[in-house]
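Participant: Chain by chain, the residues:
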Amino acid sequence: MKHIDMKLIKGGLGFLVAMAWPMQAQEDGGIEGEAPVTETAPPPAPAPVGPPNTSRELYESIVEIECASLVPDYQLPWNGGRETGGSGTGFLIGPNQFVTNAHVVANSTRLLIKKYGSPEKYAAKLLHIAHDCDLALLECTDPEPFANAKPLDIGGIPRLESTVTVIGYPLGGRRLSTTRGVVSRIDFQPYSHSGADLHLAIQIDAAINPGNSGGPVLQDGKVVGVAFQGISGAVAQNVGYMIPTPVLNRFLTDVQDGKYDRYVDLAISDFDLINQAQRLALGLRPDSPVGTLVASVTNDGSCDGVLEEGDVLLEINGHPIASNGYVEVDGEFVDMNEIVERKFKGDKVEMKIIRNRQPKTVEIELKPFDAYLIQANTYDQRPRYVTFAGMSFQPLDRNLMAAHNIEGLAARYLYSHYVQDELFEERPEIIVLTNILPDAINTNFGSFRHAVVDKVNGKAIKTLQDLYDALHPKERPEFFVIEFVGLGLPLVVESSRVQEADKRIQDTYQIGLESYLGDPEGDTPVIFN
Amino acid sequence: MSSWGEAPAVVAEVPGKPSAQPSSEDSLIRVNVTAQGYNYYQPWEKGQDVTRRGLGVVIEGGKVLVTAQMVADATYVELEQPSSGEKATGEVIVADYEANLALLKLQDEGSDFLSNRTPLTIETGTVLEDELDVWQIKDNGLAVKTSCTLIEVEVRNYFLEATPFLTYQIKGSLQYHSGSYVLPVLHGEKLAGLLLGYDSDEQTSRVLPAPIINRFLEDLEDGEYAGFPTLGLAFSRATDDQLRTFLRLERDSGGVYVTTVQPNSTADDAGIKVGDVLLEIGGYAIDARGNYDHPKYGKLNLSHIVRGASRVGDEIPMVVWREGQRVELSATMSRKSPKDYLIDPYLFDEGPRFFIAGGMVFQELTRPYLSIFGDKWHQRAPMKLLWALAHPEEYEKEGRKKLVFISRVIRTPATLGYEAVSHVIVDKVNGKAINSLSDLAAAFETPDGSMHRIEIGEAPHELILDVNLTRAMDERLREAFRMRDLKRLD
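These protein sequences, in sequence, are chains D and S.
For the first sequence, our numbering assigns the number 1 to the initial residue and increments by one for each residue that follows.
For the second sequence, our numbering assigns the number 1 to the initial residue and increments by one for each residue that follows.
Please note that a few of the clues may not be correct.
[Stated by the list, open to error] Here's a subset of chain S near chain D, in silico, CB distances under 8 Å, partners left out:
1. D240
2. L243
3. G417
4. I456
5. L469
6. A472
[Unchecked claim] Derived pair list, reagent style BS3-like, types lysine-lysine, alpha-carbon separation capped at 30 Å:
7. S/K397 - D/K459
8. D/K360 - S/K428
9. S/K397 - S/K428
[Stated by the list, open to error] Examples of chain S residues toward chain D, derived with CB under 8 Å:
10. Y225
11. S236
12. T245
13. T260
14. Q262
15. V327
16. E394
17. Y418
18. S422
19. L465
Just so you know, these hints were derived from the structure itself, not from any lab.
For each residue, glycine too, the CB sits at the ideal point set by N, CA and C.
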């Protein structure tokens, strides 16, 4: 399903400076062997690139967004991170409200908005960011510069084969660029910014290049999508993806109450009911194309207590569910989750099902599902960790796996089966000994690297807070005995040596903060505006 | 394969003094083996055949000694006179793949084919610095001997993982001659070992030494081969000061920390527990790294005391440190054979057990199955199966003898919709618990009406096959894949 290497299209500042400028003509091959078909629209006399409204007035609603960011260091989590930056595109959708991609403004420390045809850069502020669907909403600190710009209208889902126009500030030059393409496919796709989300996406054959991200895709003068990702590599050519308007509208509706609540999720897995023997066993007509199997129901998810493993789903909110789990929505066949995708926390869906050969109607109250987030990239959050006797302990998640190249079987097993085997119930957080900063106190601890903490002095460790508390008890024990999952050998630290060693280690390795357990209110980003 | 055999590095020079007419060559015989392993992906098939050529050693009683690796999965074994090229069919009497030794005989026991060969005796007295000769025979029948020096004795794996044995390391530059899959190493006129592999960069060779050969032959004297004992425990070093203080162990009293004890093993029967510190075995003190002082060879890993120096049935005293006290125990050496593991650690000379129903391919999980995922199978194989390999006790406690899983699904009308199912563990078939492939075969005899119900350990938890369609497809599969049988249960 996810064999293609999805690549974010983000024009890094370093990239633009170091590579984009020297690269004379994109016709030479552009980046990574792709040959984007790019029409540049140079002001002051832009060539018309589509039917009505493609005009200077329109261009003034499309902005370049420059983002300075601080990328957390999951290897040395006490460090502030790496300062970097990038640029993308955004567009006005309401008075002083700009939409862009979450990945354009993730981990931001300073945001600037550049207006069409003007050298000025205006300070901007992040209002909402949705990492699960790669969208963000910004405003200018001073609304004045865009007071006369006209917000773009949001349209529907464009038809297959119809023509769309991508407008933005991709690499290859400093000015606005437009490309045109055809709608090639409408389907669920992995959103690579989170790495764990699948939502509706529209594939187009217009070039989407670094810097295009967050820019509008237009048809008949209306926004029909937000350019957001492409495919890198030699196999696919002319494949770009945009976020369709149902996803955009959902985001804009979700944040109307002042905060983003994330997507809701059925938290079930389904299995295509194609095998006739299996259909008969479940009491279905073998030749009917309707009905998909509930393969698993995750505890604490929306369907827990409502659906059961082995139920057959026939209909969702009146849409018949095909044996492959697809439904017809607005004339297109899409995954039945599309019905759920457009809902919000607390909304209900009605399902017709068959259970034990009997028809039944159930109502499901929808809510987000958190456990899968362990497998999603996180942003705008400082890494949480505990250091102790030169060892750093961190909760396992996708960022950690990427940073540490963890090969230990227990960590890999717990990570990959966390949702599937509902391991989150017993272990809300998987705490890994990620690093050992060499010191006399830990000279023989090397074999524990990348092991998963099970217990400290007999107490089960289920969260990073548990670990912190167990290592900082009111009364100091003589020894700290740390047990790890699947390892028979305990790690023993003599209490009397810890304080001195920690001081020495913090000095030597410049650890400013010995532990960071996170802020329950959410991390406040560092902003230099 | 690190062994010097099928594609060896050619050595440029012959530093030893080749002698044209050495007498010990009269004890050597060429051994030619054709071998064919099984295809674990399509378990009803055998794979490509390979040929191995080496030099066997003729010992007392008209037997020929070679490494087990040489005859693994053999389909035909042939003995060949080095000078005349005369050939006779051979037969494997016994092969111990852990100790990597095999004994051959002539198929025609009345034949005088080996009567011109002088049996060699075994020299177990070799010590460090001794000069040893590696024997080779060139294509023209002339023998070449190369002098090497025994530089190290250590305990390491022969060709299977996790079964370390006593090994000699000898230094000396060898020249490549074809047919060197296994070569005899002599100490004077006696056999000191069998050459396992040669490292042309270091100019060192690994040698399976006479003490292990001797133990192997002794074991066979009563006509029944018992094999080398297994201890059934895993340990970690107890070198850390803080750990030692916590365990109230003297800083330099040695000992290793016991991390795993397999149920019903030698260690378990002796009463060893996880958390014990093993201080002594067989009267030898164990240091904190798991070594002991061997009177002849110096520091050796403690596993040699069990797998090498002792026999099944031997009583061996042990001392452990438990809760601050020395506890004396006595262990009766026993052996866990590969068949007794939930997941067979190795499998030779027989095919993987499988059962096909309608296109679903069921197998018992073995370590060789996992190795189809390539050199990095520890990383690449399906996580659930790797976890089972590391934690068999989780399945053994459910009463499972073997782990039955669906290895793949062949696309047929019966398996329509199940194409993506692979590497899932089977719990029940038609309501019956599946603790081995034989259980599975029996359970398919009693369908639930017109359906076979297959319960698996993950979503969607139950797969259904139509009985009639399954039967029809089985016939078609047999024909299409030219299967001799749709199952291999023993």
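Participant: Compare the structure with each hint and give your call.
Facilitator: Do the hints match the structure? See the list:
{"no.": "1", "hint": "D240", "in the structure": "holds (4 Å)"}
{"no.": "2", "hint": "L243", "in the structure": "holds (5 Å)"}
{"no.": "3", "hint": "G417", "in the structure": "holds (3 Å)"}
{"no.": "4", "hint": "I456", "in the structure": "violated (11 Å)"}
{"no.": "5", "hint": "L469", "in the structure": "holds (7 Å)"}
{"no.": "6", "hint": "A472", "in the structure": "violated (13 Å)"}
{"no.": "7", "hint": "S/K397 - D/K459", "in the structure": "holds (25 Å)"}
{"no.": "8", "hint": "D/K360 - S/K428", "in the structure": "holds (29 Å)"}
{"no.": "9", "hint": "S/K397 - S/K428", "in the structure": "holds (16 Å)"}
{"no.": "10", "hint": "Y225", "in the structure": "violated (33 Å)"}
{"no.": "11", "hint": "S236", "in the structure": "holds (4 Å)"}
{"no.": "12", "hint": "T245", "in the structure": "holds (6 Å)"}
{"no.": "13", "hint": "T260", "in the structure": "holds (5 Å)"}
{"no.": "14", "hint": "Q262", "in the structure": "violated (12 Å)"}
{"no.": "15", "hint": "V327", "in the structure": "violated (18 Å)"}
{"no.": "16", "hint": "E394", "in the structure": "violated (11 Å)"}
{"no.": "17", "hint": "Y418", "in the structure": "holds (6 Å)"}
{"no.": "18", "hint": "S422", "in the structure": "violated (14 Å)"}
{"no.": "19", "hint": "L465", "in the structure": "holds (6 Å)"}
In this structure, the hints that do not hold are numbers 4, 6, 10, 14, 15, 16 and 18, in rising order.
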